[in-house]
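Trainee: Sequence:
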Amino acid sequence: MDHRHLLEENQQSQALKEFTNLQSMKDLVDWDLFTPTLEEVFGPPQTKGKGHSSWDYLIIFRSLLLGVMNGLSDGHLQYMLLDRTSFKQFVGLRSTDQVPDQKTLWKYRNQLSQSGRFDELVAVFMEQLAAHGYGLQTGKQIEATIVPVTRQSNSPVENVTLESGSDGAKK
0 MDHRHLLEEN QQSQALKEFT NLQSMKDLVD WDLFTPTLEE VFGPPQTKGK GHSSWDYLII
60 FRSLLLGVMN GLSDGHLQYM LLDRTSFKQF VGLRSTDQVP DQKTLWKYRN QLSQSGRFDE
120 LVAVFMEQLA AHGYGLQTGK QIEATIVPVT RQSNSPVENV TLESGSDGAK K
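Note that numbering that gives the first Met the number 0 gives residue 99 to position 100 of the sequence shown, counting from 1, and the numbers run on in steps of one.
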C-alpha cells in the first residue's frame, strides 16, 4: 500500500474533524452493540465459499443511518457516499473503497424494516448519543440541480420590439 496515500488520507480525516461532527459521532457510539441484532436479521456474515462476501453489516447500518439523518433516497445516499469523504469515513470506508449501491442499500434497509428491528436500532443509536449529551437533528440535503432550459431564438431587435409592445407591423 502506498504510504504517502495513507498519510494524506489521515491528514484529510483530521482536517475534516474541524468541519463535521460525523467522526465525533462515530467515535461516541459503541457500534459493537448493534452487531448481534444485525447478525440476527441478516444471518452470519458470508466471508468464504461461493459467491461474493456480504457487506460488513456495520458499514451498511451506518450508511442507512446517514440516509435517515439526511433524508436521502437510496440512490442519493449512494451518490453521497461516493462524493463525500466525511460520509465514507463515518461508515468505515477509505477513499478508494467501493460503496454499497442503491439496490444493496434498499435490500438491507428493507430486510431490517420488515424484521421490525430498524426503528429499534435507530433508537439505540439515539440513546447512545443522548448518554453523551448529544441530540440529533435530521433534515434533507438540498443542493442545486442543473436542468436544461429552452433556448430563446429571438434576435436582439426582435426582443426590443417585443418589449416595447408593438408587433412591428407598419400602419
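These are computed hints drawn from the structure, not numbers from a lab.
C-beta: ideal position from N, C-alpha, C; glycine also.
Please note that a few of the clues may not be correct.
Derived Cβ-Cβ restraints for the label pairs, each shown as a range [to be verified]:
#1 20 x 163: 55 to 63 Å
#2 96 x 26: 16 to 24 Å
#3 97 x 158: 15 to 23 Å
#4 81 x 126: 24 to 32 Å
#5 81 x 29: 27 to 35 Å
#6 135 x 43: 40 to 48 Å
#7 125 x 95: 29 to 37 Å
#8 125 x 162: 39 to 47 Å
#9 20 x 154: 28 to 36 Å
#10 128 x 158: 51 to 59 Å
#11 82 x 158: 18 to 26 Å
#12 136 x 96: 53 to 61 Å
#13 136 x 106: 50 to 58 Å
Trainee: None of the hints should be skipped; say for each whether it holds.
Mentor: Now for the hints, and whether the structure bears them out:
1. The hinted window of 55 to 63 Å between residue 20 and residue 163 holds, with their beta carbons roughly 57 Å apart.
2. Between residue 96 and residue 26, the C-beta spacing of about 19 Å keeps the proposed range 16 to 24 Å intact.
3. For residue 97 and residue 158, the Cβ-Cβ distance of about 51 Å falls outside the hinted range of 15 to 23 Å, so the restraint is violated.
4. Restraint check, residue 81 to residue 126: a C-beta distance of roughly 31 Å satisfies the suggested window 24 to 32 Å.
5. Taking the beta carbon of each, residue 81 and residue 29 are about 28 Å apart, inside 27 to 35 Å as hinted.
6. A C-beta distance of roughly 30 Å is found between residue 135 and residue 43, which places it outside the suggested range of 40 to 48 Å.
7. For residue 125 paired with residue 95, a C-beta distance near 32 Å keeps the hint of 29 to 37 Å intact.
8. Take residue 125 and residue 162: their Cβ atoms lie about 58 Å apart, and the range 39 to 47 Å is violated.
9. Checked against the hint of 28 to 36 Å, the C-beta distance between residue 20 and residue 154 comes to roughly 55 Å, which is inconsistent with it.
10. Separated by about 57 Å at the C-beta atoms, residue 128 and residue 158 satisfy the suggested range of 51 to 59 Å.
11. Distance hint check for residue 82 and residue 158: the Cβ-Cβ separation is about 40 Å, which falls outside the suggested range of 18 to 26 Å.
12. Between residue 136 and residue 96 the CB atoms are about 28 Å apart, so this pair departs from the stated range of 53 to 61 Å.
13. The beta-carbon spacing between residue 136 and residue 106, approximately 28 Å, falls outside the hinted interval of 50 to 58 Å.
When each numbered hint is compared with the structure, violations occur for hints 3, 6, 8, 9, 11, 12, 13.
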